[in-house]
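Q: If you read the protein sequences in the order shown, they are chains A and B. Numbering of the first sequence is given in this note's numbering, commencing with residue 1 and proceeding in unit increments. Numbering of the second sequence is given in this note's numbering, commencing with residue 1 and proceeding in unit increments.
Calculated from the structure, these hints are not laboratory results. If you're wondering where the values come from, they're calculated on a predicted model, not measured in any experiment. All C-beta atoms in this analysis are idealised placements derived from N, C-alpha and C, irrespective of residue type, glycine included. Careful, some of the hints might be misleading.
[As the list claims (entries may be wrong)] Label-pair distances were calculated between CB atoms; the ranges are:
| # | chain 1 | residue 1 | chain 2 | residue 2 | range |
| --- | --- | --- | --- | --- | --- |
| 1 | A | Ile-15 | B | Lys-42 | 24 to 32 Å |
| 2 | B | Gln-2 | A | Gly-40 | 14 to 22 Å |
| 3 | B | Ser-70 | A | Lys-57 | 29 to 37 Å |
| 4 | A | Thr-70 | B | Ser-110 | 37 to 45 Å |
| 5 | B | Lys-42 | A | Asn-65 | 23 to 31 Å |
| 6 | B | Pro-14 | A | Ala-2 | 34 to 42 Å |
| 7 | B | Glu-56 | A | Lys-44 | 27 to 35 Å |
| 8 | B | Gly-16 | A | Lys-57 | 44 to 52 Å |
| 9 | B | Gln-54 | A | Lys-14 | 44 to 52 Å |
| 10 | A | Leu-80 | B | Glu-17 | 31 to 39 Å |
| 11 | B | Gly-60 | A | Ile-15 | 44 to 52 Å |
| 12 | A | Leu-80 | B | Pro-14 | 45 to 53 Å |
| 13 | B | Glu-56 | A | Gln-17 | 47 to 55 Å |
[To be verified] No farther apart than 25 Å at their CA atoms in a straight line, the calculated lysine-lysine pairs in the DSS-like style are these:
| # | chain 1 | residue 1 | chain 2 | residue 2 |
| --- | --- | --- | --- | --- |
| 14 | B | Lys-105 | B | Lys-42 |
| 15 | B | Lys-1 | A | Lys-57 |
| 16 | B | Lys-1 | A | Lys-44 |
| 17 | B | Lys-105 | A | Lys-44 |
| 18 | B | Lys-42 | A | Lys-44 |
| 19 | B | Lys-68 | A | Lys-44 |
| 20 | B | Lys-105 | A | Lys-9 |
| 21 | B | Lys-42 | A | Lys-9 |
| 22 | A | Lys-44 | A | Lys-9 |
| 23 | B | Lys-68 | B | Lys-105 |
| 24 | A | Lys-44 | A | Lys-57 |
| 25 | A | Lys-9 | B | Lys-68 |
| 26 | B | Lys-105 | B | Lys-1 |
| 27 | B | Lys-1 | B | Lys-42 |
| 28 | A | Lys-14 | A | Lys-44 |
| 29 | A | Lys-9 | A | Lys-57 |
Listed here are the chains, written in short residue letters.
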Amino acid sequence: NAGVTQTPKFRILKIGQSMTLQCTQDMNHNYMYWYRQDPGMGLKLIYYSVGAGITDKGEVPNGYNVSRSTTEDFPLRLELAAPSQTSVYFCASSYTGQGRGVYGYTFGSGTRLTVV
Amino acid sequence: KQEVTQIPAALSVPEGENLVLNCSFTDSAIYNLQWFRQDPGKGLTSLLLIQSSQREQTSGRLNASLDKSSGRSTLYIAASQPGDSATYLCAVKGNSGNTPLVFGKGTRLSVIA
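Work out the full structure: start from the sequences and follow the hints.
A: Here it is in structure tokens:
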């Protein structure tokens with residue numbers, strides 16, 4: 001099992017450039033998430049998805065877009081990169097069964113993005 | 001709005017010592033609480049998950065407790081080892097609908113040989 005796979009691992013962008021961070025999971029999890037982690041600030045939720053075709057904003061969605069066309073993939077798009085988006089980005093997935101039960105989260109290894 | 005606080009922010013202990021990491025949350029209406037470990041430059045690894053109806057969970061040398069009414073959880077690490085050095089994150093899931101996890105900022109643990 002690969003779990004949650006994120007690509008690329010590192011990227012340097014110039015201000016105003018665009019890019020897509022890829023995230024794929026092979027555990028048939030229905031929920032997927034994008035978090036960003038800034039030094040000393042913990043993880044903040046950008047967007048999440050409860051299933052294919054459904055996405056919702058998290059705490060810090062501005063400057064980002066997502067789509068969920070399949071259960072496996074949940075790409076994160078940065079349209080006009082800004083220095084404030086320099087961070088480490090983590091994708092995660094979880095399975096929610098009947099009711100509201102969440103049976104633990106699995107995280108990818110992260111993408112370290114620098115905007116200069 | 002749920003807020004999660006972890007104290008201390010950093011901790012350094014000699015090898016072999018037992019230690020406790022603390023986590024507090026402002027809204028006691030949680031569904032579950034999870035402890036994660038993060039190694040430098042790596043992703044998060046789930047250590048223990050406690051459902052709101054549970055008081056504690058154990059895995060090897062780790063024991064996590066939950067007091068939902070007081071909004072507190074502790075992670076107890078017995079006989080610490082240098083390999084335990086990492087950042088430990090606490091996260092809670094709210095009771096309502098699709099509420100995702102809310103994370104604390106973590107405790108950075110160093111175990112000195």
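Q: All hints, please: hold or fail.
A: Results for each hint:
no.: 1; hint: A:Ile-15 - B:Lys-42: 24 to 32 Å; in the structure: holds, 28 Å
no.: 2; hint: B:Gln-2 - A:Gly-40: 14 to 22 Å; in the structure: holds, 20 Å
no.: 3; hint: B:Ser-70 - A:Lys-57: 29 to 37 Å; in the structure: holds, 31 Å
no.: 4; hint: A:Thr-70 - B:Ser-110: 37 to 45 Å; in the structure: holds, 42 Å
no.: 5; hint: B:Lys-42 - A:Asn-65: 23 to 31 Å; in the structure: holds, 27 Å
no.: 6; hint: B:Pro-14 - A:Ala-2: 34 to 42 Å; in the structure: holds, 38 Å
no.: 7; hint: B:Glu-56 - A:Lys-44: 27 to 35 Å; in the structure: holds, 29 Å
no.: 8; hint: B:Gly-16 - A:Lys-57: 44 to 52 Å; in the structure: holds, 46 Å
no.: 9; hint: B:Gln-54 - A:Lys-14: 44 to 52 Å; in the structure: holds, 49 Å
no.: 10; hint: A:Leu-80 - B:Glu-17: 31 to 39 Å; in the structure: violated, 49 Å
no.: 11; hint: B:Gly-60 - A:Ile-15: 44 to 52 Å; in the structure: holds, 47 Å
no.: 12; hint: A:Leu-80 - B:Pro-14: 45 to 53 Å; in the structure: holds, 50 Å
no.: 13; hint: B:Glu-56 - A:Gln-17: 47 to 55 Å; in the structure: holds, 48 Å
no.: 14; hint: B:Lys-105 - B:Lys-42; in the structure: holds, 16 Å
no.: 15; hint: B:Lys-1 - A:Lys-57; in the structure: holds, 15 Å
no.: 16; hint: B:Lys-1 - A:Lys-44; in the structure: holds, 13 Å
no.: 17; hint: B:Lys-105 - A:Lys-44; in the structure: holds, 10 Å
no.: 18; hint: B:Lys-42 - A:Lys-44; in the structure: holds, 17 Å
no.: 19; hint: B:Lys-68 - A:Lys-44; in the structure: holds, 23 Å
no.: 20; hint: B:Lys-105 - A:Lys-9; in the structure: holds, 22 Å
no.: 21; hint: B:Lys-42 - A:Lys-9; in the structure: holds, 10 Å
no.: 22; hint: A:Lys-44 - A:Lys-9; in the structure: holds, 19 Å
no.: 23; hint: B:Lys-68 - B:Lys-105; in the structure: holds, 20 Å
no.: 24; hint: A:Lys-44 - A:Lys-57; in the structure: holds, 11 Å
no.: 25; hint: A:Lys-9 - B:Lys-68; in the structure: violated, 38 Å
no.: 26; hint: B:Lys-105 - B:Lys-1; in the structure: holds, 16 Å
no.: 27; hint: B:Lys-1 - B:Lys-42; in the structure: violated, 28 Å
no.: 28; hint: A:Lys-14 - A:Lys-44; in the structure: holds, 23 Å
no.: 29; hint: A:Lys-9 - A:Lys-57; in the structure: holds, 24 Å
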